[in-house]
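Chain by chain, the residues:
Number of protein chains: 2
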Amino acid sequence: MNIPEKTIERLSEYRRTLLSCHEKGITHIFSHVLAAIHGITAVQVRRDLMLIGFSSDTKKGYDVKVLIDFISSILDSEEPVNVAVIGMGHLGQAVTKYFNGKGLKLRITAAFDIDPDKVGHEVDGVPCYHMDHFEEIVEEHDIHIVVLSSPSKAAPGLVIPIINAGIKGVLNFTSRPLNFPPGIVVENYDITTLFEKVSYLVKQNEESGA
Amino acid sequence: MNIPEKTIERLSEYRRTLLSCHEKGITHIFSHVLAAIHGITAVQVRRDLMLIGFSSDTKKGYDVKVLIDFISSILDSEEPVNVAVIGMGHLGQAVTKYFNGKGLKLRITAAFDIDPDKVGHEVDGVPCYHMDHFEEIVEEHDIHIVVLSSPSKAAPGLVIPIINAGIKGVLNFTSRPLNFPPGIVVENYDITTLFEKVSYLVKQNEESGA
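Taken in order, these protein sequences are the chains called A and B.
Count the first sequence with the numbering used here and you get residues 334 to 543, in order.
Count the second sequence with the numbering used here and you get residues 334 to 543, in order.
Hints were generated in silico from the structure; no laboratory data involved.
The structure presented is a predicted model; accordingly, all values stated were derived computationally and were not measured.
Honestly, I wouldn't trust all of these hints.
You can't tell identical chains apart in this list, so a pair holds if it fits in one copy or across any two.
[As the list claims (entries may be wrong)] Below, in silico cross-link-like pairs of lysine to aspartate or glutamate (EDC-like), each with a Cα-Cα straight-line distance of 16 Å or less: (1) 536 / 409; (2) 430 / 455; (3) 398 / 356; (4) 536 / 475; (5) 435 / 523; (6) 435 / 457; (7) 486 / 396; (8) 398 / 450; (9) 357 / 472; (10) 339 / 457; (11) 430 / 465; (12) 486 / 356; (13) 536 / 450; (14) 536 / 412; (15) 536 / 411; (16) 339 / 520.
The following block holds chain A by itself, in its conformation from the complex (with noise of 0.2 Å):
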């Protein structure tokens, strides 16, 4: 199944909402209101439950937890994920305090620097290892994912560490861009240029006169 990049994205979202209402004791759910909390048209939520093969639209909207089962079985691998955090400055340290305890899939189990004040010291319960033992610890905690929250200075020299540990994944949010060869999946999310996007559009409305 190929679907989308922007599906994808839309699907962990759809269910992250769809987990929010079931807690709430929602049990049904119409098309349009999924759309509206998401700010896109019934159309759009419709399209993408197409293309996953969802069609169980009833009188009374979508059964919440069937498409909550329905989009997990298409999103999350079978077995729980283990994530490292290579970086712990500030970003680092929150994307760990955030994923703790969220029961997602993903769990961050390792996290790696090479400041000796973090070195060996925990951030809600994930340990900090020195990048010298990156390889070994990878292989000990089964990690498939890494989320790089180095200064953006150190990103290049952690290619071929990555690479050699065998990771699959890797979530970059340092400034520089990085490759990977083929069967490394690599993600670049600069936060600079998520500013720079929000702050031409704004820029394009006020010209528009919106």
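Fit chain B to the given chain A structure using the hints.
Just chain B now, kept in the frame of chain A:
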């Protein structure tokens, strides 16, 4: 000019690479080199630059300084844009520290929280105010854009204050998608979604035996 959002993101990324080249004394760069750094095709780079009307490719490649200035004329406002951060937990502090001294047209000039341990203090020279004073500080600092890095639960309650204060753009890092009336740009960047996307792509890679 109607530029696709993905092109805007790439222009921001190209510029950052070009700035780094410029610092190193590199005066010219070929489209295929710029493309390789960003893991895309030279055709894509040329298409993006054609879209903004830049076409001064020479035998030596693009003039780095000229291209930086051209992209800046598209992306940047003439005046620096003031940004505020709402929620000074780890993520808010990470964003603030990340921005200081980057020499961007965007600058974080105020932060907000409700925690008495944070209000009245500074992070990297940025003062933290109580949310009770949001409207007046926004006006005083001429703030146009806010970053939401508050706990997700608090996000829906921030919509009205943001509208009332006349904010024009919102970069929402919480896991609650937020809707605003036309005239206010909102970009929802839930970190969970980024993780779930990478995880899905890794899973798909493994299934296809890549």
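Evaluated hints:
| no. | hint | result |
| --- | --- | --- |
| 1 | 536 / 409 | between (38 Å within a copy, 8 Å between copies) |
| 2 | 430 / 455 | within (11 Å within a copy, 22 Å between copies) |
| 3 | 398 / 356 | within (10 Å within a copy, 54 Å between copies) |
| 4 | 536 / 475 | between (46 Å within a copy, 15 Å between copies) |
| 5 | 435 / 523 | between (24 Å within a copy, 13 Å between copies) |
| 6 | 435 / 457 | within (13 Å within a copy, 30 Å between copies) |
| 7 | 486 / 396 | neither (48 Å within a copy, 24 Å between copies) |
| 8 | 398 / 450 | neither (45 Å within a copy, 41 Å between copies) |
| 9 | 357 / 472 | neither (40 Å within a copy, 38 Å between copies) |
| 10 | 339 / 457 | neither (32 Å within a copy, 36 Å between copies) |
| 11 | 430 / 465 | neither (24 Å within a copy, 27 Å between copies) |
| 12 | 486 / 356 | between (43 Å within a copy, 14 Å between copies) |
| 13 | 536 / 450 | neither (43 Å within a copy, 35 Å between copies) |
| 14 | 536 / 412 | between (45 Å within a copy, 11 Å between copies) |
| 15 | 536 / 411 | between (45 Å within a copy, 10 Å between copies) |
| 16 | 339 / 520 | both (13 Å within a copy, 14 Å between copies) |
The structure does not agree with the numbered hints 7, 8, 9, 10, 11, 13 stated previously, though it agrees with the rest.
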